[in-house]
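Asks: Sequence:
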Amino acid sequence: MAKQKKVQKSEKPKVPAPEKEQVRARRAAGHEEALQLDQHGRQRLIKGTAESAREYDLSKGGIVRVRNVDPLKGILSLTHKQREAGARYRADFELAAREGLKAMGMGERVSSGSASASVPARLIDNHAAMAHAKKSIGYPEIIRVLDAVCGLGMTIKDVATAENVVRDIPAQLLRMGLERLVVHYGSQAASRHG
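All the letters of the sequence shown, read from the start, carry residue numbers 136 to 329 under this note's numbering.
Fair warning: there could be bad hints in the mix.
Ranges of calculated distance between the beta carbons of each label pair, as one might list FRET restraints [said to hold, decoys possible]:
#	residue 1	residue 2	range
1	A256	E154	14 to 20 Å
2	Q307	G176	43 to 49 Å
3	R257	Q307	30 to 36 Å
4	E154	V300	40 to 46 Å
5	A163	R233	21 to 27 Å
6	K216	K149	40 to 46 Å
7	K195	A232	32 to 38 Å
8	A297	E146	28 to 34 Å
9	D303	K182	16 to 22 Å
I should point out that these hints are in silico values taken from the structure, not numbers from a laboratory. C-beta atoms are modelled at their ideal positions from N, C-alpha and C, and glycine is treated no differently.
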(Lines of atoms letter the chains of each structure in order from A and count residues from 1; the text may use other names and numbers.)
(Lines give C-alpha, C1' and ligand atoms only; values in the text may rest on other atoms or scores of the structure.)
Protein backbone atom coordinates (compact mmCIF):
# COMPACT_ATOMS: atom_id res chain seq x y z
CA MET A 1 0.00 0.00 0.00
CA ALA A 2 2.70 2.51 0.99
CA LYS A 3 4.73 1.77 -2.14
CA GLN A 4 1.72 2.37 -4.41
CA LYS A 5 1.08 5.80 -2.85
CA LYS A 6 4.72 6.81 -3.35
CA VAL A 7 4.60 5.73 -7.00
CA GLN A 8 1.48 7.82 -7.62
CA LYS A 9 3.08 10.89 -6.05
CA SER A 10 6.28 10.53 -8.07
CA GLU A 11 4.32 10.29 -11.37
CA LYS A 12 3.02 13.84 -10.93
CA PRO A 13 5.67 16.12 -12.51
CA LYS A 14 6.73 19.21 -10.62
CA VAL A 15 5.85 22.66 -11.91
CA PRO A 16 8.98 24.81 -12.33
CA ALA A 17 9.30 27.62 -9.76
CA PRO A 18 9.30 30.45 -12.36
CA GLU A 19 6.07 29.13 -13.86
CA LYS A 20 4.47 28.92 -10.39
CA GLU A 21 5.43 32.57 -9.80
CA GLN A 22 3.93 33.63 -13.15
CA VAL A 23 0.68 31.74 -12.41
CA ARG A 24 0.47 33.34 -8.97
CA ALA A 25 1.03 36.85 -10.42
CA ARG A 26 -1.56 36.35 -13.17
CA ARG A 27 -4.17 35.13 -10.70
CA ALA A 28 -3.47 38.12 -8.44
CA ALA A 29 -3.91 40.52 -11.38
CA GLY A 30 -6.98 38.70 -12.71
CA HIS A 31 -5.27 37.97 -16.05
CA GLU A 32 -6.11 34.30 -16.37
CA GLU A 33 -6.37 34.18 -20.19
CA ALA A 34 -3.05 32.34 -20.51
CA LEU A 35 -3.84 29.77 -17.79
CA GLN A 36 -5.38 26.33 -18.15
CA LEU A 37 -5.78 23.30 -15.92
CA ASP A 38 -3.47 20.37 -16.58
CA GLN A 39 -4.39 16.70 -16.14
CA HIS A 40 -3.54 16.94 -12.41
CA GLY A 41 -5.88 19.89 -11.80
CA ARG A 42 -3.12 22.51 -11.47
CA GLN A 43 -3.18 25.85 -13.24
CA ARG A 44 -0.38 26.04 -15.84
CA LEU A 45 0.66 28.52 -18.52
CA ILE A 46 -0.56 27.71 -22.03
CA LYS A 47 2.54 27.15 -24.14
CA GLY A 48 2.99 28.89 -27.47
CA THR A 49 0.97 32.04 -26.90
CA ALA A 50 2.07 35.66 -26.76
CA GLU A 51 0.20 36.11 -23.48
CA SER A 52 2.09 33.25 -21.82
CA ALA A 53 5.41 34.76 -22.97
CA ARG A 54 4.60 38.04 -21.20
CA GLU A 55 6.31 38.31 -17.81
CA TYR A 56 4.65 39.55 -14.62
CA ASP A 57 6.33 40.73 -11.41
CA LEU A 58 4.58 40.17 -8.11
CA SER A 59 5.96 42.28 -5.27
CA LYS A 60 5.72 41.34 -1.60
CA GLY A 61 3.00 43.97 -1.17
CA GLY A 62 0.83 42.22 -3.74
CA ILE A 63 1.45 44.73 -6.55
CA VAL A 64 1.58 43.14 -9.99
CA ARG A 65 3.58 44.75 -12.81
CA VAL A 66 3.73 43.62 -16.42
CA ARG A 67 7.38 43.62 -17.54
CA ASN A 68 6.84 43.60 -21.28
CA VAL A 69 3.79 45.22 -22.83
CA ASP A 70 1.88 43.77 -25.77
CA PRO A 71 3.47 45.30 -28.90
CA LEU A 72 0.06 45.77 -30.55
CA LYS A 73 -1.00 47.97 -27.63
CA GLY A 74 2.37 49.62 -27.02
CA ILE A 75 2.92 51.00 -30.55
CA LEU A 76 0.93 54.22 -30.51
CA SER A 77 1.09 54.84 -34.27
CA LEU A 78 -1.18 51.86 -35.04
CA THR A 79 -4.82 52.51 -35.85
CA HIS A 80 -7.72 50.74 -34.16
CA LYS A 81 -8.37 48.63 -37.28
CA GLN A 82 -4.69 47.63 -37.47
CA ARG A 83 -4.80 46.50 -33.82
CA GLU A 84 -7.95 44.47 -34.51
CA ALA A 85 -6.36 42.85 -37.58
CA GLY A 86 -3.23 42.06 -35.53
CA ALA A 87 -5.36 40.54 -32.75
CA ARG A 88 -7.23 38.36 -35.25
CA TYR A 89 -3.96 37.24 -36.85
CA ARG A 90 -2.62 36.47 -33.36
CA ALA A 91 -5.68 34.34 -32.54
CA ASP A 92 -5.23 32.35 -35.75
CA PHE A 93 -1.47 32.05 -35.22
CA GLU A 94 -1.82 30.87 -31.61
CA LEU A 95 -4.48 28.30 -32.44
CA ALA A 96 -2.29 26.91 -35.21
CA ALA A 97 0.76 26.86 -32.90
CA ARG A 98 -1.08 25.40 -29.91
CA GLU A 99 -3.22 22.78 -31.67
CA GLY A 100 -1.69 22.19 -35.08
CA LEU A 101 -2.84 19.44 -37.41
CA LYS A 102 -2.00 16.35 -35.38
CA ALA A 103 -1.75 12.98 -37.07
CA MET A 104 -4.21 10.34 -35.98
CA GLY A 105 -3.05 7.52 -33.75
CA MET A 106 -1.60 4.35 -35.19
CA GLY A 107 -3.74 2.09 -32.97
CA GLU A 108 -6.64 2.23 -35.41
CA ARG A 109 -4.45 1.16 -38.32
CA VAL A 110 -2.86 -1.73 -36.43
CA SER A 111 -6.19 -3.16 -35.26
CA SER A 112 -7.36 -3.30 -38.90
CA GLY A 113 -10.45 -1.33 -38.02
CA SER A 114 -11.68 1.45 -40.19
CA ALA A 115 -9.52 4.51 -39.72
CA SER A 116 -11.40 7.77 -39.64
CA ALA A 117 -9.51 11.04 -39.59
CA SER A 118 -11.00 13.18 -36.87
CA VAL A 119 -9.40 16.57 -37.39
CA PRO A 120 -11.81 19.21 -36.08
CA ALA A 121 -13.22 21.53 -38.73
CA ARG A 122 -12.05 24.60 -36.80
CA LEU A 123 -8.41 23.49 -37.14
CA ILE A 124 -8.74 22.96 -40.86
CA ASP A 125 -10.48 26.33 -41.16
CA ASN A 126 -7.74 27.91 -39.06
CA HIS A 127 -4.92 26.61 -41.23
CA ALA A 128 -6.79 27.69 -44.36
CA ALA A 129 -7.35 31.17 -42.87
CA MET A 130 -3.64 31.47 -42.02
CA ALA A 131 -2.68 30.42 -45.55
CA HIS A 132 -5.07 32.98 -47.10
CA ALA A 133 -3.85 35.75 -44.77
CA LYS A 134 -0.21 35.02 -45.57
CA LYS A 135 -1.00 34.87 -49.28
CA SER A 136 -2.67 38.29 -49.08
CA ILE A 137 0.43 39.75 -47.41
CA GLY A 138 2.65 38.39 -50.14
CA TYR A 139 6.12 39.28 -48.88
CA PRO A 140 8.06 36.83 -46.66
CA GLU A 141 9.83 39.71 -44.84
CA ILE A 142 6.48 41.16 -43.76
CA ILE A 143 5.17 37.72 -42.77
CA ARG A 144 8.25 37.13 -40.58
CA VAL A 145 7.70 40.45 -38.77
CA LEU A 146 3.96 39.74 -38.29
CA ASP A 147 4.70 36.24 -36.98
CA ALA A 148 7.30 37.63 -34.57
CA VAL A 149 5.29 40.61 -33.27
CA CYS A 150 1.68 39.40 -33.47
CA GLY A 151 2.25 35.68 -33.05
CA LEU A 152 5.20 35.43 -30.68
CA GLY A 153 4.77 38.77 -28.88
CA MET A 154 8.29 40.00 -29.65
CA THR A 155 8.96 43.72 -29.49
CA ILE A 156 10.09 45.76 -32.48
CA LYS A 157 13.46 46.14 -30.76
CA ASP A 158 13.81 42.35 -30.44
CA VAL A 159 12.93 41.86 -34.11
CA ALA A 160 15.39 44.56 -35.18
CA THR A 161 18.14 42.99 -33.08
CA ALA A 162 17.44 39.51 -34.47
CA GLU A 163 17.44 40.79 -38.07
CA ASN A 164 20.40 43.13 -37.40
CA VAL A 165 18.63 46.21 -38.80
CA VAL A 166 17.49 49.57 -37.42
CA ARG A 167 14.17 49.64 -35.57
CA ASP A 168 12.39 51.68 -38.24
CA ILE A 169 12.51 48.83 -40.76
CA PRO A 170 10.53 46.19 -38.78
CA ALA A 171 8.18 48.92 -37.53
CA GLN A 172 7.39 49.94 -41.11
CA LEU A 173 7.04 46.30 -42.22
CA LEU A 174 4.64 45.71 -39.31
CA ARG A 175 2.48 48.69 -40.31
CA MET A 176 2.45 47.54 -43.95
CA GLY A 177 1.51 44.00 -42.95
CA LEU A 178 -1.23 45.12 -40.59
CA GLU A 179 -2.66 47.41 -43.26
CA ARG A 180 -2.73 44.49 -45.71
CA LEU A 181 -4.45 42.37 -43.04
CA VAL A 182 -7.06 45.10 -42.50
CA VAL A 183 -7.92 44.92 -46.19
CA HIS A 184 -7.81 41.10 -46.18
CA TYR A 185 -9.97 40.63 -43.07
CA GLY A 186 -12.33 43.38 -44.18
CA SER A 187 -13.27 41.31 -47.22
CA GLN A 188 -13.96 38.14 -45.18
CA ALA A 189 -16.57 37.05 -42.67
CA ALA A 190 -15.68 36.95 -38.98
CA SER A 191 -13.60 34.03 -37.72
CA ARG A 192 -15.48 31.09 -36.15
CA HIS A 193 -13.10 30.72 -33.21
CA GLY A 194 -12.99 34.29 -32.06
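Asks: Run through the hints listed earlier and report the numbers of any the structure violates, in increasing order.
Replies: Numbers 1, 4, 8, 9, in rising order.
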